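Novice: Given these sequences and hints, build the entire structure.
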Amino acid sequence: MPKVKKQDMQSPKGMKDILPADQPYWQYILKKASAILDDYSFHKIDTPIVEQTALFLRSVGESTDIVDKEMYNFKTKGGDELSLRPEGTASVVRAYIENGMNVMPHPVQLWYFGPFFRHDNPQAGRYRQFHQIGAESFGDENAATDAMLIFIAYKLLESLGIKNLTVRINSIGDSSCRPQYIKALKDYYRNRGKKVCTKCKKRLKTNILRVLDCEEENCKEIAKDIPQIVDYLDDDCKAHFKNVLEFLDEVKLPYLLDSRLVRGLDYYSRTVFEIWPEEKEDAKNNLQMALCSGGRYDKLVSLLGGPKTPAAGWALGVERVILLLKELEVSIPEHHARPKVFIAQLGELAKRKSLKLFEEFRKHGILAKASFGRDSIKSQLRISNRWGIKYTLIMGQKEALDGTVILREMDSGIQETLAIDKILDIVKQRLKK
RNA sequence: GUGGCUGUAGCUUAGCGGUAAAGCACCGCUCUGUGGCAGCGGGGACCGAGGGUUCGAAUCCCUCCAGCCACCCCA
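If you count the first sequence from 1, position 427 lands on 854 in my numbering, and the numbers rise without skipping.
Don't read these hints as lab results, they were simulated from the structure.
Keep in mind that this is a model prediction, so the values were computed, not measured.
Don't take every hint at face value.
[Said to hold, decoys possible] DSSO-like, lysine-lysine: derived pairs with alpha carbons at most 27 Å apart:
id, residue 1, residue 2
1, Lys610, Lys628
2, Lys860, Lys796
3, Lys628, Lys496
4, Lys849, Lys780
5, Lys621, Lys665
6, Lys622, Lys651
7, Lys805, Lys778
8, Lys458, Lys825
9, Lys780, Lys805
10, Lys621, Lys651
11, Lys860, Lys849
12, Lys613, Lys790
13, Lys626, Lys613
14, Lys753, Lys783
15, Lys778, Lys767
16, Lys443, Lys471
17, Lys849, Lys790
18, Lys817, Lys805
19, Lys855, Lys825
20, Lys651, Lys669
21, Lys613, Lys590
22, Lys726, Lys496
23, Lys665, Lys613
24, Lys825, Lys780
25, Lys805, Lys849
26, Lys796, Lys817
27, Lys651, Lys628
28, Lys790, Lys825
29, Lys443, Lys753
Specialist: Quick look at the structure:
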């Protein structure tokens, strides 16, 4: 067999292990998310991690180079063209259609959690395998749905201990009014198009809405008098947007109107929003990226072959949230409860008896810890101490023969020799105090 | 996919052409059945990988890989 190469044995670029030390964060977030989403009657759905490439081709589209450049596409032995899912909405919409959920009472509200894959160049908060929690609502066109979705996402982040969140919101109209706006943008840039940066020149041709969020000083200057999308919304879209804002006011959720917030894809309509963490100048890893983003996509269900169904949703980047929780030093509940007793043994007979004792404690719901591989009393006590365990039970050859066990309170060092058949009750009592 | 910076033990880092170091962590001894403190000792790194220059490379050069950052893109 050829020698193992170190490079072959590392995790793929942009994909990492979620180690035990980080698990409490994952549990914490998932627990909160499922509790909150459950409260608002969202039902969990899991969809396959791979889907037909055609699904994403159709939803995410040919408009950008996403499919070619940033998706994991492959052909199966049977010849199917499949892709690792790059996002959740398309899969959920597919499942909604395929399972005939359109006959269920609406709105149909679904949520999901899982890994997603994008062939990006990784950096902090941006990985090739990443995780999202998402929520989608089908069949309700009302602005209250948009506001409620934003409210839930906000509450979720807030309940995790993230303060000073900013909700950025905008409306990008729909197919009846957006074309006029795009035309106005084109007109605006007709004479100015030569002065913008090279990136924007490209954007003007391919994805003109994207010139709105260019950060180049010169481009910003040129965009000073740029047409505002709100002025181009038709009456329905304008009323819808106004309603969303009114509902947000009603639940006292602060937001920031951001006329430069856009979405590149055609199926998006009306409301788009993002939730950002507080901007901090001095933070070491200043995470300037949205934690959650979403919007309305009234055309996607029919685009994917389902009945015309209005829908809206959001997705939240779990890794980003965890990075932020760490940066903010938010305290997370421990994954495992701290063991209550440590069982130390000396000698073969004692080892056998203490194994039984260990099992007794476990059966009665008292978390016990032991290190059967270590034979010296010293190292066992050291381990017990390192775990910060309150009581250590010591059983040596003598105790094993006498049917007793030593109970040592670690803080004080006080020891008592007690009958082995009473020990469980005694420890139970002591732990109650 | 492009460019910049970085890569030495599990972790944090020193060394920057001449025998691979330190702190933390781990294991042990002082203490033969008693932890925390202290002292002493031990294991653990072919210096990210591969190649080149050189009498000699962790150190210089090239290629690759990975991380971070900035782009492209951001569903």
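Novice: Run every hint past the structure and note whether it holds.
Specialist: So, going through the hints one by one against the coordinates:
no., hint, verdict
1, Lys610 <-> Lys628, "holds, 16 Å"
2, Lys860 <-> Lys796, "holds, 20 Å"
3, Lys628 <-> Lys496, "holds, 21 Å"
4, Lys849 <-> Lys780, "holds, 14 Å"
5, Lys621 <-> Lys665, "violated, 33 Å"
6, Lys622 <-> Lys651, "holds, 13 Å"
7, Lys805 <-> Lys778, "holds, 15 Å"
8, Lys458 <-> Lys825, "violated, 48 Å"
9, Lys780 <-> Lys805, "holds, 19 Å"
10, Lys621 <-> Lys651, "holds, 16 Å"
11, Lys860 <-> Lys849, "holds, 18 Å"
12, Lys613 <-> Lys790, "violated, 73 Å"
13, Lys626 <-> Lys613, "holds, 16 Å"
14, Lys753 <-> Lys783, "violated, 41 Å"
15, Lys778 <-> Lys767, "holds, 19 Å"
16, Lys443 <-> Lys471, "holds, 25 Å"
17, Lys849 <-> Lys790, "holds, 15 Å"
18, Lys817 <-> Lys805, "holds, 16 Å"
19, Lys855 <-> Lys825, "holds, 24 Å"
20, Lys651 <-> Lys669, "holds, 24 Å"
21, Lys613 <-> Lys590, "violated, 40 Å"
22, Lys726 <-> Lys496, "holds, 25 Å"
23, Lys665 <-> Lys613, "holds, 22 Å"
24, Lys825 <-> Lys780, "holds, 12 Å"
25, Lys805 <-> Lys849, "holds, 25 Å"
26, Lys796 <-> Lys817, "holds, 11 Å"
27, Lys651 <-> Lys628, "holds, 17 Å"
28, Lys790 <-> Lys825, "holds, 26 Å"
29, Lys443 <-> Lys753, "holds, 17 Å"
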